[in-house]
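Next come the chains, spelled out residue by residue.
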Amino acid sequence: MQQLADRLIDTGFLQGLPRGLGYVIVVALFAFLMLNFIMLVAGVTSWLERRVWARIQSRIGPNRVGPQGSIQWLADGIKNIMKEDIVPSAADAPLFRFAPYLAMMGFFGAFAVVPFGDGLIVADINIGVLYVSAVTALVVVGILMAGWSSNNKWALLGGIRSAAQIISYEIPAALAVLTVVLFTGTLSMQGIIRAQGWAPWNWFLFHNPFTFVAFFLFFVSALAEGNRTPFDLPEAESELVAGAFTEYSGLRSLLFFLVEWGNLYLIGAICTTLFLGGWQVPAFTDSGLVLGLAQVLTFFLKAYFLVFVAMWVRGTLPRVRVDQLMTLCWKYLVPIAFVNMILAAFFAAILPNGSIFVKAGMCVFGLGLAVHFFQRVLFHLRRAKPELHLSPIV
Amino acid sequence: MDESSLALPISAVLCAVVVAVMVGASWVLGKRSPNRAKGAVFEAGNRAVGEVKSHRFPVKFYLTAILFIVFDVEVVFMYPWAVVFRRLGWFGLAEMAAFVLVLAVGLAYVWKVGALEWD
Chain A
1 MQQLADRLID
11 TGFLQGLPRG
21 LGYVIVVALF
31 AFLMLNFIML
41 VAGVTSWLER
51 RVWARIQSRI
61 GPNRVGPQGS
71 IQWLADGIKN
81 IMKEDIVPSA
91 ADAPLFRFAP
101 YLAMMGFFGA
111 FAVVPFGDGL
121 IVADINIGVL
131 YVSAVTALVV
141 VGILMAGWSS
151 NNKWALLGGI
161 RSAAQIISYE
171 IPAALAVLTV
181 VLFTGTLSMQ
191 GIIRAQGWAP
201 WNWFLFHNPF
211 TFVAFFLFFV
221 SALAEGNRTP
231 FDLPEAESEL
241 VAGAFTEYSG
251 LRSLLFFLVE
261 WGNLYLIGAI
271 CTTLFLGGWQ
281 VPAFTDSGLV
291 LGLAQVLTFF
301 LKAYFLVFVA
311 MWVRGTLPRV
321 RVDQLMTLCW
331 KYLVPIAFVN
341 MILAAFFAAI
351 LPNGSIFVKA
361 GMCVFGLGLA
371 VHFFQRVLFH
381 LRRAKPELHL
391 SPIV
Chain B
395 MDESSLALPI
405 SAVLCAVVVA
415 VMVGASWVLG
425 KRSPNRAKGA
435 VFEAGNRAVG
445 EVKSHRFPVK
455 FYLTAILFIV
465 FDVEVVFMYP
475 WAVVFRRLGW
485 FGLAEMAAFV
495 LVLAVGLAYV
505 WKVGALEWD
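Sequence order for the protein chains is A and B.
First residue of the first sequence: 1, per this note's numbering; consecutive thereafter.
First residue of the second sequence: 395, per this note's numbering; consecutive thereafter.
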């Protein structure tokens, strides 16, 4: 990004402008592109997610607008923009209007440090991961603000539930990130990716048993922080109407849902960065452009696979109760995360660069786990003898 | 100042501007016909009873917030330690193990007095 800005200022269309101003323009352009990309991803995810659940629940899902319903999300967006923007008369109007801004800013702020490829990042700051967990906390403030200012009992309950949930799960998530940072010695997103390789045995997921555990800790905590099923208590439809967003309508409610679906990609991208080797690809060609495209595609597919897993989880697991949610966090995840972090520190002190045997063992273990999982799936398929519709097109 | 950190406020401001444009578009394109029923508090079709602002919610939420402050601030202290971990070596590890042990005692105490019980 820095190099791109420098090149544009020195030789490109920004020639002659003061350096600082040129840099601001380049960053703003890049951030605007990114914002559009995120909205596109969030929109398509909302459609794809409905299709995926539909298949899981033996339904068809949206299939009317566009081929296979693929521009349903656009229709939803346009419809929401054309709707009346209602501010309830009992609500605290300024706070009520401001809450979606905060949620969106907190969510989009995190994308400033999410990498897409080698050098393709808005800002490769040296505290990248810490910045992500700090700035996404703004989303909590937005949700809490929405819940409080609506002056509605459901909304208030949803808002404080959300705050309690997100701040609780912040702790295991932060500790899981720490486990990786112990081995990289840097918090920069690109630095963490560069510490890994393209091959699975060079990923932090298979680096040692402790980072393997940390991946699952992080993924579960991130799902909870993103208010995803099975942890979607803040907007539990069947008990709290729509939780903190009960009084929101039209575009403002759309913004909250944009944050929710966009957050899925953010979770996937951060997991990919920390554990799955990010954009690393083998150097198979000399062409910088082809390599760059391969990197972007690799990163996106890895991140989107995790988004798919989140959809799958949502289609499979029922929502937990509030007390189960808090028990899971404070009595299981937090102690496990602390123990895991300290054991990882011991491992890092004994073998600072990891061990090829441990990596190989972890890869075999991971492969065995995957094989076992698919065997179970096959076993149940054979036993239940369901009608299978494997084609994605209905 | 590092130029790349300039990108953070820029992206925040840009996001706010884009959201404002979207909300503005909705303000222009959307119909407006406010009435009393629309502005009323939604309570699943019933008349709203009581005030929310004076509504009390369980003390458990405050407790969770206090626990969060204790543990999350400690975790933030660990970030710089993790970054320089390799340079500190065994000394840093011993120090952090002692620190985490103290935290673990705290967690065990909180657990024992029942602060983690939700009901």
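Derived from the structure by calculation, the hints contain no laboratory data.
It is possible that part of the hints are untrue.
Said to hold, decoys possible - Residues from chain A that face chain B, not an exhaustive set, calculated with beta carbons under 7 Å:
id, residue
1, ALA112
2, LEU178
3, ALA242
4, THR246
5, SER249
6, LYS331
7, TYR332
8, ILE336
9, LEU343
10, ALA345
11, VAL358
12, PRO386
13, GLU387
Stated by the list, open to error - Quick list of the computed label-pair ranges, beta carbon to beta carbon:
id, chain 1, residue 1, chain 2, residue 2, range
14, B, LEU482, A, LYS331, 28 to 34 Å
15, B, LEU482, A, GLN324, 28 to 34 Å
16, B, VAL507, A, LEU343, 23 to 29 Å
17, B, LEU423, A, LEU343, 43 to 49 Å
18, A, SER70, B, ALA414, 25 to 31 Å
19, A, ALA360, B, ARG481, 25 to 31 Å
Glycine included, every Cβ here is placed at the ideal spot set by N, Cα and C.
Checked hints:
A cut of 7 Å between beta carbons decides the hint on A/ALA112: the least distance to chain B is about 4 Å, and the hint holds. Look at A/LEU178: its Cβ gets to within about 5 Å of chain B, closer than 7 Å, so that hint holds up. Hint status for A/ALA242: violated, given a least beta-carbon distance of 9 Å to chain B, over 7 Å. Taking 7 Å as the C-beta contact cut-off toward chain B, the hint placing A/THR246 at the interface holds, the least distance being around 6 Å.
Against a cut-off of 7 Å between C-beta atoms, the interface hint on A/SER249 is violated, since the closest Cβ of chain B lies about 9 Å away. The restraint placing A/LYS331 at the interface with chain B holds, with a minimum CB-CB distance near 6 Å, inside the 7 Å limit. The restraint placing A/TYR332 at the interface with chain B is violated, with a minimum CB-CB distance near 11 Å, outside the 7 Å limit. Annotation: interface hint on A/ILE336 violated; nearest CB of chain B at approximately 12 Å, more than 7 Å.
Among the interface hints, the one on A/LEU343 is violated; its C-beta lies about 10 Å from the nearest C-beta in chain B, farther than the 7 Å criterion. At its closest, the beta carbon of A/ALA345 sits 5 Å from a beta carbon of chain B; the interface hint therefore holds under the 7 Å criterion. At about 18 Å, the closest approach between the beta carbon of A/VAL358 and any beta carbon in chain B exceeds 7 Å, and the interface hint on this residue is violated. Of the supplied interface hints, the one on A/PRO386 is violated, with its beta-carbon coming no nearer than about 37 Å to a beta-carbon of chain B, more than 7 Å.
Hint status for A/GLU387 relative to chain B: violated, with the closest Cβ pair at about 39 Å, above 7 Å. Restraint check, B/LEU482 to A/LYS331: a C-beta distance of roughly 31 Å satisfies the suggested window 28 to 34 Å. At roughly 39 Å, the beta carbons of B/LEU482 and A/GLN324 sit outside the given window of 28 to 34 Å. Range check, B/VAL507 to A/LEU343: about 27 Å between beta-carbon atoms, so the 23 to 29 Å window is met.
The supplied range of 43 to 49 Å is broken by B/LEU423 and A/LEU343, whose beta-carbon atoms lie about 57 Å from each other. A hinted range of 25 to 31 Å for the beta carbons of A/SER70 and B/ALA414 is consistent with their spacing of about 29 Å. The given range of 25 to 31 Å is respected by A/ALA360 and B/ARG481, whose C-beta atoms sit roughly 29 Å from each other.
When the structure is compared with the earlier hints, violations turn up for hints 3, 5, 7, 8, 9, 11, 12, 13, 15, 17 and for no others.
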